[in-house]
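> If you're matching them up, the sequences are chains E and G in order. Note that the first sequence ends on residue 546 in our numbering; no numbers are left out. Note that the second sequence ends on residue 254 in our numbering; no numbers are left out.
No lab work stands behind these hints, which were simulated from the structure alone. Glycine included, every Cβ here is placed at the ideal spot set by N, Cα and C. Certain hints may be false.
No farther apart than 30 Å at their CA atoms in a straight line, the calculated lysine-lysine pairs in the BS3-like style are these [as the list claims (entries may be wrong)]:
hint	chain 1	residue 1	chain 2	residue 2
1	G	LYS141	E	LYS264
2	G	LYS141	E	LYS233
3	G	LYS141	E	LYS487
4	E	LYS487	G	LYS220
5	E	LYS487	G	LYS20
6	G	LYS179	G	LYS141
7	E	LYS362	G	LYS141
Here are the computed distance ranges between Cβ atoms for each label pair [stated by the list, open to error]:
hint	chain 1	residue 1	chain 2	residue 2	range
8	E	PRO515	G	THR187	48 to 58 Å
9	E	ARG355	G	ASP66	26 to 36 Å
10	E	ARG530	G	THR246	25 to 35 Å
11	G	ASP188	E	HIS261	28 to 38 Å
12	E	THR291	G	ASN139	49 to 59 Å
13	E	GLU501	G	ARG251	15 to 25 Å
14	G	HIS58	E	THR327	54 to 64 Å
15	G	ASP188	E	TYR449	49 to 59 Å
16	E	ALA450	G	GLY154	44 to 54 Å
17	E	ALA450	G	LYS220	38 to 48 Å
18	G	GLY189	E	ARG530	48 to 58 Å
19	E	GLU343	G	ASP100	33 to 43 Å
The primary structure of each chain is shown beneath.
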Amino acid sequence: MAVAAGKVARAATRLRGGGSAMPGLVVERLDPRFLTHALANLPRGVVVVTGTNGKTTTTKMLVAILREHGLTVFTNPTGSNFTRGVISSMLAEIPFSGRLKADIAVLELDEAHALKFAAEVKPTHSLLLNVARDQLDRFAEIDHTAKLLAELAEQTTTGVVLNIDDSFVARIATRVPDGVTVTYFGVDPSIADRLPELQEADVRFDDEFTPPRPTAADGLLLPHDERSFEVRFGLTGRVGPMVLKQRGLAAMINATAATSTAKALLANEFREVDAVSALERVTPPFGRGEVIDADGQPLELVLVKNPAGFTVALGTYGSAPVTTMVAINDNYADGRDVSWLYDVSFESLRDNGVALTSGVRAYDMALRLKYDDVAVAEVEPDLEVALERFLTAYKDEPKRIFCTYTAMMTLRRDLAARYGLAKFGEDAA
Amino acid sequence: MSTSSATSGDATSKGRIKIVHIYPREMSIYGDLGNTRCLASRLRWHGYEPVIHQHHPGNDFPTDAHLVLGGGGQDSGQARVEDDLAHNADVLRSLAADGAPMLMICGMYQLFGNAFITVEGERLPGIAILDVTTQGNAKRMVGPVVLETAFGDVVGYENHSGSTKLGPGQQPFGRVKSGMGNNGTDGTEGAVTGNVFGSYLHGPVLPANPALADALIKLAVERALGEPFVLGRIDDELADRARTRQIHRLVG
Ligand SMILES: [Zn+2]
């Protein structure tokens, strides 16, 4: 009954072009045990991927590796974070019996919703990526976020994968129940000096935490150059070298996390060649360095949502300077407080300047850039007007737009109409 | 301890101004370091030479400060600075009594008050430069704010669980036109005693409100050099538009 009602609601919202969480809400009302029932007894279990940054990319990579190994994987492809969103995406794939036909589920959930989900379905595995300040008006403090991740680890029944370089995450090892395996991922000690590119340091305290020594089960990132890297396991194990479609150290560490988790899940069945070929084919998710062909010139859309993420994005893309626009909204999904822009250094934009700032907080962004001596050619709060101007005035140049979530939704919709792109949540490939 | 001069030996400088940012690691989680950055840049644009000193717990407090800044932090951050703050309370009180301008945001505003009473009823003493008392709440007061102040309308963003009451005779920093302010009930926001300003406003508050920034700079310059503040020419159009747009959105 619940499945049928949900499917009707799903068809209805599809027609309206509505949000992805609504049909899930219908099912949840009708049968709160729906999730447990549908996900119970998946032969390979339920994997939850969470942390502040890189969830979407890492989830996509992990799913790709598992599918390359022949598994049927259920995932929440719309990036629909909430429990209801998970149910919504299940409805399309579920027979009326209410049992999901898949070997394994891999779900991207934000920190708070991961716990709500775990109250319904205990994850067999969880992959905890990192802790950074994000959406402060929702979760208030990173100490709180770290606590949520630790509680998720306590609910996990088989294996937990932790970031060895993030002391907030690595420390969670002490909270993992007896009998549950702990695996780590991180960067090779030889590139430890590049860690600041992956996390902000200024709000963390130097506490007495000694990171564990990695073993042969733990994957460590070793870049060869700007694009090529391998993931090392102990002295002899290695996955790679490989080159991702997505640029930058952040994407490499996400691939390292996905590889380490896949290896922990598949054990003896894990095949290096399959992992490499899967990872090399993964296209950047919507807005995570997605490249759009705009009148013959590349246009990169880069989602920014917190200081660590913006810092990583500037480090990743700053080395190849292009004409830049920054679009900042302050709706609920963006985080309503824009104070965090003052915790990002924009000096890497100084040489080329910024062509346009846009969004509800366009003037605040321009003001922020002024304090880093970055010239701003134009301020246009209206996103559609700004995009039109950006595309026409800089027609013959490669372009990049850094944008917050709701600004990206508006820009992406406009760009999709203009250049015939896949819709949000669909994959062009 | 770390002291850095923002410009190096500028021969045309009208004089050196020393800004002390207290507990930048522990107490500046919501971009409050932007206030320090703003003052340093504006001092330079006005023709003065800013010197930024970061004070960390356990170090000697610089008694030659011309301006003192503090921000908000997590509970764990507050716990890490309590002892050092108690240790330096007398220095800060005498600086305040002597007219040194100070701007304390959120958590440091609370610690500059008489006490913080936790939800469990525990009383954590502050250094009592401002006559305010804060009661911990389960509910957070979060959102954009517009205030009416002596420096015109001031915009910012509040994010605090403490509810603050002013003591009898204590002046607020501003009157709430939009937002919650000290406690969401009496319409007051922040507190001012002499040249010491306390407020919940992040944003950070100074970049978008240059009149407030320049008021602090004027006090610091007069204190440092014993002569009147001479304004440079600064184009504040971006700040003015950022601020007026927020005012229009929130109070029409
Ligand atoms: Zn605050």
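> Which constraints among the numbered hints does this structure fail? Numbers only, ascending.
Hints 3, 7, 9, 12, 14, 15, 16, 18, 19 not satisfied by this model.
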